[in-house]
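Residue numbers (numbering that gives the first Met the number 0), protein chains in the order written: chain P, 0 to 412; chain E, 0 to 228; chain V, 0 to 276.
Simulated from the structure, these hints should not be mistaken for laboratory data.
Owing to the predicted nature of the structure, the values given are computational and were not obtained by experimental measurement.
Keep in mind that a hint or two might mislead.
Stated by the list, open to error - Pairs of lysine-lysine residues, derived as DSS-like cross-links and limited to a Cα-Cα distance of at most 25 angstroms, are as follows:
#, chain 1, residue 1, chain 2, residue 2
1, V, Lys49, V, Lys159
2, P, Lys2, E, Lys214
3, V, Lys54, P, Lys400
4, V, Lys209, P, Lys5
5, E, Lys66, V, Lys1
6, V, Lys5, P, Lys1
7, P, Lys2, V, Lys1
8, E, Lys14, V, Lys211
9, P, Lys5, E, Lys118
10, P, Lys97, P, Lys240
11, V, Lys5, P, Lys2
12, E, Lys214, E, Lys200
13, P, Lys369, V, Lys159
14, P, Lys2, E, Lys13
15, E, Lys66, V, Lys5
16, E, Lys118, V, Lys5
17, P, Lys369, P, Lys388
18, V, Lys209, E, Lys13
19, P, Lys97, P, Lys109
20, V, Lys211, V, Lys54
21, P, Lys400, V, Lys159
22, E, Lys14, V, Lys209
23, V, Lys211, E, Lys13
24, P, Lys382, P, Lys400
25, E, Lys120, P, Lys5
As the list claims (entries may be wrong) - Some, not all, of what chain P presents toward chain V, calculated at C-beta under 8 angstroms:
#, residue
26, Tyr3
27, Leu9
28, Val10
29, Ile16
30, Ile17
31, Phe20
32, Lys24
33, Asp78
34, Phe81
35, Asp86
36, Arg107
37, Ser108
38, Asn396
39, Ser398
All residues carry an ideal CB built from backbone N, CA and C; glycine is no exception.
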Amino acid sequence: MKKYWKVITLVLFSVIIISGFYVQKALASTTSPEYMIETRSGDTSYIENIVLSGNVNNEEDMYWDYVQISTEGTKASEDFSFNEQLDYIYNYSPEIQKMYHEYPGFLRSKSMSANLYYEDEAAIVFVDTYIEDYQLPYEQMEIALLDKKSNEETQIMIDIPEYEKYDDLYIENVQKSGEEVMIFTVNYFNDQQYAELHAYRVDVATETVIEDQIIQPAAGEVGVDYSSILLNTYTGPRSSKAEHYMIYESSLKDEQDVDTDEILLSAYDTASGNLKELIIPSELKGLPLYPAMTVHESSIYYTNAVENGFEISRFDIEANKVAETQFVSLPSEVMTNFTSQTYYEGEAFSTYIDENIIYYVSASKENSGKDIAIVVADFNTGKVLYDGKIIDAPEMNESFKDNLLSIDWIYFN
Amino acid sequence: MIEVKQVEKRFGRKKVLNGMSFTANKGEITCLIGINGSGKTTVLNAIMNLTPIKRGEILISGKPLTKETYEKIAFIPDAITMMPSMTIQQAMDFMNDFYTTWNQGRATEILNFFKLSSKDKIATLSKGNTAKVNMLLGLALDVDYLLMDEPFSGIDIFSREQIAAVFTSHLVENRGVLITTHEISDIEHLIDKAVLIENGKVLTEFNAEEMREEKGKSVVDVMREVYQP
Amino acid sequence: MKNFIKLVNFELNRFFPIYAALGILTIMLQVVGVFITSNDYIFQIEEQTKMGIVKESAIILEIGQMGMTRFTGSLWFGGPIALCVVTLLIYSLFIWYRDWFGKNTFIYRLLMLPTERLNLYLSKAVAIFLMVLGLVALQLVLLLVERQLFSMLIPAAYIKTSTISQIILGSEYLLVLYPTSFIAVLANYSRGFIAILVLFTLILLERSFKIKGLLLAGIYALATLIVLFAPYWIQAIFNRQLFFTSELFWITLALTFVVGAVSIWISHRLLNRRITV
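Make a model of the complete structure from these sequences and hints.
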C-alpha cells in the first residue's frame, strides 16, 4: 500500500480541492449581487408580481451581469439553468423567454429578437428578412405563423416590392390583424444615406404583399434628413405584443433644439391600415422622446417628471386630442431619481401601464446617490399607490456594492 | 508444445516469414538456426504477439495466445526489457508485482550465480551483465516455455560460459526452450532439436542426437549441406 | 482491475520527478510574481505620494485599487501554467515513444504483461489526466495563498476584495480551468480526457503501421474533427442555426463520447492484433 502513496495523495488532493471548491460555491449565496425592494409608502401588493429586468456592471473590473429583481429576490445569470445560460435567454425580452419554454420548436433556427415577433392568445407570428448566400439586397421576407392551439407552424415567403431599390432593410415591428400580417420596416437606400419607413400588409393565404405603404419617405436632400421613428419600439421595452396603433414621429435629424412645429406625429391603425396625422399640443411635443411617451392601446401617455411629481397627459388617438391630464404628487427626494439625468444621455425611467395604473421605475442606481425608485400611481385619481426603491440586500457581498445597476424594463409575472 | 503453422508475414515488400512451420516441445531445447534476416527474431516476436502475422497459426499448449499465456511463456529478447533507470532490485520487484509465476527465491539464486548486485542500476551494467539480468527476468518465472533470442550475441566469453551453464542446470530442466542463434558452436552440444531456416522458411528440422548417432553428422555438417549445397 | 491500478501507479512514479518539479516551479514563479506585482503597486503609491497626493482615496482614484487581475494577467501567473500545459502535452506523446526508443525496449515488457493490453492504453491516459487534475487543484490552492499574500503585503485600503470566483472570472486562463457551472467542468474535463484517448489512438496507429500509420492517423484525426463538428457543418449547409446553443453543447458532448468509445475500440484492436515492436 505504501508504494501507492503518490497516486493516493494525488487523487485525494485533486478530488478534495476541486470538488470542495464547487461545493462551497454552490452553498455560498453571495456569488452574485443581491438586491431588495424597500417600501417607503403604499400597498406592496402592487409590486408583488413585477419583475425588474436590467444589468449590473463595474467598469474597473470589467464585470457585467444580467439581473432580475422582484420581491422574491435577485436572479442573476448564474441563477438560470445551465441550458438557459448557454442559450443566453436572459438577453431576450420576457415574452421571448416565455416562448423559449412554451414553444421551443417554433423558436428553433429563428432569431430571438422581440421586434420580429407578434404574439397574442391564439397565435405567434415571426418575420425576418431572408437572404440566400449573403447576397444583399434582401429580396424576400420569410413569415412563420404558429397556431397555438394546434401547435402547427405555417411558413411562407413573400417578395419584397421594389427590393432592388434598397441597400438594407430592418424590421422594427410585426403585427397581425385577422388573416393579415403587418411588417413595419426601415428601408435604407442610396448607399445607406436615406431611410424610408414602410408598413407592409401581407395576406397570409395568398402569400402576397397586398399593400406597401410608405409612412415616411426619405427627405431626398443630402444633409437634410428626417429622423423618423416608430414610437412604440422606442419608448418602451422590446416587445412582441399586439398594438392597436403604431405611432410615428418624425423630426429633423441630429438637432438638439428641435422646433416643435417641425415634429409630425401620425398613427397607423393596424386593423384598417389607415394612417392619420395626430394633432398634439406643442408643449407635449416638446418633451424629449423618451421615456416620456408610452403608447398603450388607443392612447399615448405623456409623462413629465418634475421636482414635485409626475405630470401626465393622456392623448386619445381616436379622438385626436388630449383627453385627460393628471398630476401625481411625490416628495422631491423621490423625484430626484427621475429627473436627475438629462434625457439625451439615455433613459431616465421605464413606464408600464396596466389599465389605469401606471408604474414608473427610474433607470439607474449609482454611487452618486441616485436610486432606482419604483412608483405606482392611479391615473384616474392621481394617488400614489406604492412607492419604494431598490437597495442592497443585507446578504449582498462587499465586492458588489459599488456596482452600477440599471433597469431596462418592467414586466409582470 | 509450441506449434508454428504456415506463418506468413511481410515487412514492406519483403516476405520475412514465408510459410514457416515447426514445433518446439516441452522438456527439449530447440534451436532456430539461420543467418541474420532469415526470420528468427520475427518468429519469436510473432509467437509472443509482439508483432502481428498475416497468415498462419501459432498455438501454445494447443491454444492461441491470451493474456494468461504470459504466465506460461517467457521471452528473453535481444535487448533488455526493463527501464535502464531501474536497479536490478526494482526490476525484480516489478516482475514480482505483475507476474504470479515470478519466483523470487529462484531470482535470488540466479542473481548470486551470475554474481550480480541487486542495487546496481541497469544502465551502469556492462553488456554481458545486462544480458545476464535479461536472462534472470525470464528464468525466474515459473513458466513452461522459454524463448531466447540470440542469448550469446556480443557477450564476452566468460559470460557466455555462465549463460551456457544455465542450460544444463535445473533452471531449464523440464521446460521447453526455443532459442535462436547464428553461432551454433557455443551450444551445439546442448540442443535437442535443430530447425534450419532460410528466407522465412524452414529448410529442415531434426533431432541433433539422432542425427549424430544415425547419420554421424553434426549440426554444423547439416548446415553446410543445406546452406551451401 | 488491479493491474490497471498498478500500471497507473507505475506511470505516475516514472514521471514523478519532473511532475513534482513542475509543481514546485509553478509555486515559486507565481509567488515571486506576487511579490513583484505587489512591489510595483507600492512603488506607484509612493510616486503618487511624492507628487503630493497623500490621501488614500485620492491615490486610488489615480492608480486604481490593487485587484488580483493585475497579477493574474501577468506572465508570472500565466507563464507557469503555459509551461505545465506544454510539458504535459509533450509528455502525452513521450509517454508512449519513450518505451520504444532510446536504450529502452520497455514496450516488450509492457506488451508481455499478463494483463489486458487495453490497460496499457487506459493507464497512461489516466496517469496524464490525474497529473492535470493535480496541477489544477494546486492552482486553486495557490489562488488562496496568493490572495492572502497580497492582503499581507498591501495596505488594506488599497486592496480590492474579491472572492475566488471573481478572481476566476477576471482571467481567461482560469475560466477555462474552472468553469462557473459544474456541468461545464464535467464536460470540459471529459473532453480533455477523450482528447488524450484520441491522441493515443493516433500514436498507436503510427506504431502499428509506421508510415502508412501516419497516414491513417491523419485520416482518423480528420474523421474525428468532422464528426465533432458535424452539427456545425450541417448548420453551414443549410445556412441557418438549426440548433439552440444548449442543444449544440449536448450534441457535441455526446459526439465526443462516441469518438472516445471508438478510439478505445480501435486502440484495443491495434494493441491486440496490429502492434509491433
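| task | Take the C-alpha atoms of lysine 5 of chain V and lysine 1 of chain P, compute the straight-line distance between them, and say whether it is at most 25 angstroms. | result | Given that 25 angstroms is the threshold and the Cα spacing comes to 12 angstroms, the pair holds.
| message | Between the alpha carbons of lysine 211 of chain V and lysine 54 of chain V, is the straight-line distance 25 angstroms or under? | response | violated, 72 angstroms
| Holds or violated: serine 108 of chain P as interface residue toward chain V, Cβ cutoff 8 angstroms? | It holds, given that the least Cβ distance between serine 108 of chain P and chain V is near 5 angstroms, below 8 angstroms.
| field | Holds or violated: lysine 49 of chain V to lysine 159 of chain V, with C-alpha atoms at most 25 angstroms apart | value | holds, 23 angstroms
| Is the shortest C-beta separation between lysine 24 of chain P and chain V less than 8 angstroms? | holds, 6 angstroms
| field | Interface hint compliance - isoleucine 17 of chain P to chain V, C-beta minimum distance less than 8 angstroms | value | holds, 5 angstroms
| query | Within 25 angstroms, alpha carbon to alpha carbon, are lysine 382 of chain P and lysine 400 of chain P? | reply | violated, 34 angstroms
| message | Would the hint linking lysine 2 of chain P and lysine 1 of chain V be met if the CA-CA limit is 25 angstroms? | response | Within the cut-off at roughly 14 angstroms; holds.
| Does the CB of aspartate 86 of chain P sit less than 8 angstroms away from some CB of chain V? | holds, 5 angstroms
| Interface hint status, isoleucine 16 of chain P versus chain V (Cβ within 8 angstroms) | This interface hint holds because 4 angstroms falls under the 8 angstroms limit.
| Agreement of lysine 54 of chain V and lysine 400 of chain P with the hint, judged by alpha carbon distance not exceeding 25 angstroms | holds, 22 angstroms
| query | Are lysine 209 of chain V and lysine 13 of chain E close enough, with their CA atoms no more than 25 angstroms apart? | reply | holds, 15 angstroms
The structure fails hints 2, 4, 14, 20, 24, 33 (numbered hints given earlier, in ascending order).
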